[in-house]
Amino acid sequence: MHPHLHTKDNTACEAVMVALEECHAKGFMWKSMGMCNEAKEELTACLRMERYKRQSKNRNNVADSNAKIRQIWKEIDENK
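Number 102 marks the last residue of the sequence shown (the numbering used here); no jumps.
Incorrect hints may appear among the rest.
Here are the simulated lysine-lysine pairs, DSS-like style, with alpha carbons at most 25 Å apart [claimed, not checked]: (1) LYS62 <-> LYS30; (2) LYS62 <-> LYS48; (3) LYS102 <-> LYS90.
Restraint ranges, calculated between C-beta atoms of paired labels, are given here [to be verified]: (4) LYS90 <-> THR29: 23 to 33 Å; (5) ARG76 <-> GLY49: 30 to 40 Å; (6) GLU44 <-> ALA89: 22 to 32 Å; (7) MET57 <-> SER78: 28 to 38 Å; (8) ALA47 <-> LYS75: 23 to 33 Å; (9) HIS26 <-> GLU97: 17 to 27 Å; (10) GLU97 <-> GLU44: 18 to 28 Å; (11) ASN88 <-> ASP31: 22 to 32 Å.
Rather than coming from a laboratory, the hints here were simulated on the basis of the structure.
Virtual Cβ for every residue (Gly too), placed ideally from N, Cα, C.
With these hints in hand, go ahead and build the complete structure from the sequences.
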């Protein structure tokens with residue numbers, strides 16, 4: 023199961039999403055026979071990479087923020 027696909031965070035995977043939707047539009051038998059599995063796996067890989075990029079960016083932002091907070095507390099402790 024995927025998160026909501028068409029969001030601002032997943033724009034890099036738009037082509038893969040469209041391919042999967044087109045495959046699903048071919049009908050129930052097409053999906054049930056596993057004909058869309060390759061498109062689904064590509065979408066999963068793409069979404070995973072996008073999530074990894076967001077997590078790395080967020081991790082770096084938190085590290086910078088924590089460093090600033092530590093510096094501020096260090097200055098406060100020195101001025102006591």
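Results of checking the hints against the structure:
1. The suggested pairing of LYS62 with LYS30 holds, with an alpha-carbon distance near 20 Å, which does not exceed 25 Å.
2. A C-alpha spacing of about 14 Å is found between LYS62 and LYS48, which places the hinted pair at or below 25 Å, so the restraint holds.
3. At roughly 19 Å between alpha-carbon atoms, LYS102 and LYS90 fall within 25 Å of each other, so this suggested pair holds.
4. Range check, LYS90 to THR29: Cβ separation about 30 Å, and the 23 to 33 Å hint holds.
5. Separation of ARG76 from GLY49 is about 34 Å and conforms to the stated range, judged on CB atoms against 30 to 40 Å.
6. Look at GLU44 against ALA89: about 47 Å separates their beta carbons, and that is not inside 22 to 32 Å.
7. Taking the beta carbon of each, MET57 and SER78 are about 34 Å apart, inside 28 to 38 Å as hinted.
8. Distance hint check for ALA47 and LYS75: the Cβ-Cβ separation is about 29 Å, which falls inside the suggested range of 23 to 33 Å.
9. Distance hint check: the CB atoms of HIS26 and GLU97 are about 43 Å apart, inconsistent with the given range 17 to 27 Å.
10. For GLU97 and GLU44, the hinted distance range of 18 to 28 Å is not satisfied, since their beta carbons lie about 58 Å from each other.
11. Taking the beta carbon of each, ASN88 and ASP31 are about 24 Å apart, inside 22 to 32 Å as hinted.
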